[in-house]
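Q: What follows is the residue order along each chain.
There are 2 protein chains.
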Amino acid sequence: MATVFGIGVGPGDPELLTLKALRLLRAAPVIAYPAPEQGDSLARSIVAAHLPGGQVEIAIRMPLEVARFPAQAVYDRAADEIAAHLRAGRDVAVLCQGDPFFYGSFMYLFGRLARDWRVEVVPGVSSLMACAAALGAPLVARDDVLTVLPASLPEAALEARLAQSDAAAIMKLGRHFAKLRRVLDRLGLTQQARYVEHASMASQRIVPIADLNDDDVPYFAMVLVHRRGDAWRNP
Amino acid sequence: MATVFGIGVGPGDPELLTLKALRLLRAAPVIAYPAPEQGDSLARSIVAAHLPGGQVEIAIRMPLEVARFPAQAVYDRAADEIAAHLRAGRDVAVLCQGDPFFYGSFMYLFGRLARDWRVEVVPGVSSLMACAAALGAPLVARDDVLTVLPASLPEAALEARLAQSDAAAIMKLGRHFAKLRRVLDRLGLTQQARYVEHASMASQRIVPIADLNDDDVPYFAMVLVHRRGDAWRNP
Numbered sequence: 001m002a003t004v005f006g007i008g009v010g011p012g013d014p015e016l017l018t019l020k021a022l023r024l025l026r027a028a029p030v031i032a033y034p035a036p037e038q039g040d041s042l043a044r045s046i047v048a049a050h051l052p053g054g055q056v057e058i059a060i061r062m063p064l065e066v067a068r069f070p071a072q073a074v075y076d077r078a079a080d081e082i083a084a085h086l087r088a089g090r091d092v093a094v095l096c097q098g099d100p101f102f103y104g105s106f107m108y109l110f111g112r113l114a115r116d117w118r119v120e121v122v123p124g125v126s127s128l129m130a131c132a133a134a135l136g137a138p139l140v141a142r143d144d145v146l147t148v149l150p151a152s153l154p155e156a157a158l159e160a161r162l163a164q165s166d167a168a169a170i171m172k173l174g175r176h177f178a179k180l181r182r183v184l185d186r187l188g189l190t191q192q193a194r195y196v197e198h199a200s201m202a203s204q205r206i207v208p209i210a211d212l213n214d215d216d217v218p219y220f221a222m223v224l225v226h227r228r229g230d231a232w233r234n235p
Numbered sequence: 001m002a003t004v005f006g007i008g009v010g011p012g013d014p015e016l017l018t019l020k021a022l023r024l025l026r027a028a029p030v031i032a033y034p035a036p037e038q039g040d041s042l043a044r045s046i047v048a049a050h051l052p053g054g055q056v057e058i059a060i061r062m063p064l065e066v067a068r069f070p071a072q073a074v075y076d077r078a079a080d081e082i083a084a085h086l087r088a089g090r091d092v093a094v095l096c097q098g099d100p101f102f103y104g105s106f107m108y109l110f111g112r113l114a115r116d117w118r119v120e121v122v123p124g125v126s127s128l129m130a131c132a133a134a135l136g137a138p139l140v141a142r143d144d145v146l147t148v149l150p151a152s153l154p155e156a157a158l159e160a161r162l163a164q165s166d167a168a169a170i171m172k173l174g175r176h177f178a179k180l181r182r183v184l185d186r187l188g189l190t191q192q193a194r195y196v197e198h199a200s201m202a203s204q205r206i207v208p209i210a211d212l213n214d215d216d217v218p219y220f221a222m223v224l225v226h227r228r229g230d231a232w233r234n235p
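Residue numbers (our numbering), protein chains in the order written: chain V, 1 to 235; chain E, 1 to 235.
Rather than coming from a laboratory, the hints here were simulated on the basis of the structure.
Output of the computed footprint for chain V on chain E, the stretches with three or more beta carbons under 8 angstroms from beta carbons of chain V:
#: 1; segment: 10-16
#: 2; segment: 20-28
#: 3; segment: 99-108
#: 4; segment: 133-146
Don't be surprised by glycine CBs; every beta carbon is placed ideally from N, CA and C.
Can you make the complete structure from the sequences, with help from the hints?
A: As structure tokens, then:
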């Protein structure tokens, strides 16, 4: 039976691809990847140098702003197209930026395909770990609780969660950054918060939060907060 | 100036090593890795097939049960030994199972060396993502909040955190499993909880929680809980 591989290709640096991802994506007769409505796929660009050529490619093109129904239609159609290859006995490698099961759009294909087909997920280096590495800031040690928060949460929810976190990562900032800044200020956490965008990519940028322009924050940006500062110095 | 590389070697499957980790660990004249008081280092065993031979090796041997002071002494001595190589101009690659900054012991070396030396962290595939992949269970989608909990937390704290989590990963189970089982039962979450040990290793084992023996749970075991079940089926 043919297999769908959900392959984490890592946070952006092509060298953060795993050996397993490399082997499987080169061997697959068909590759699929998320892509914007027009233009290049970030997931594909990460592995472009490794592609052997001659593979069938399925670009899953998603409008940037979609209502609920059209997104479903896009994944329905992509799942149908992938299933057609599987029925013909061809494995399909789906390229996923970061890790497939960590806020990845792969799970929408997984939800559509896993009942009828063999699906194998290859975990990848997540942006969470790439951001901590870029900032030189340990995420969690010992008994720390880590809370991962999408910045799209309502302001009150974001504040309530951050108020009780030892360590927190606030992801997918983009247009939500001004809201997060207000919350950090109210909680007195701005000094313990560190910002990075496009971690591990050529465009990686680390900026003190005080110097950031609210309107200049991309979607692939993250803030890490650690209440205890440098607690890891003494085990 | 010589560099300390903190290299994530991934969760256990040697194929989940990144290209960057592979390049750096082969090039380093000195490698260091955590190890038990006696016997083999897990981090070293993950990369053993790739080692070129002829490297100086520093095994950082830690007694399984240590009071606070001796652990500090072990890291102090290891940092001194690493610093001696750096002073002589030799890069040192520290091998870290999973990711160096995600509950990794590397951060204790980082705390000792980062003020005086160049330290670069190479993020790795974390057990968090490897467990989700092994279980075929997406961790988080859309606006989900993810809470990562060390099982060593007091029972009341574990219960309070789990009660308000959309999605949670409870890590480092070992002898804390019976406590977690009680908490899951009280919260009515046992049905939504999934268990895996040694994810991605040859010894990987997935067991229904009802069939698990409390005394038979290793340290490298994790439970994932997701309140919403299969919410990812419809984006």
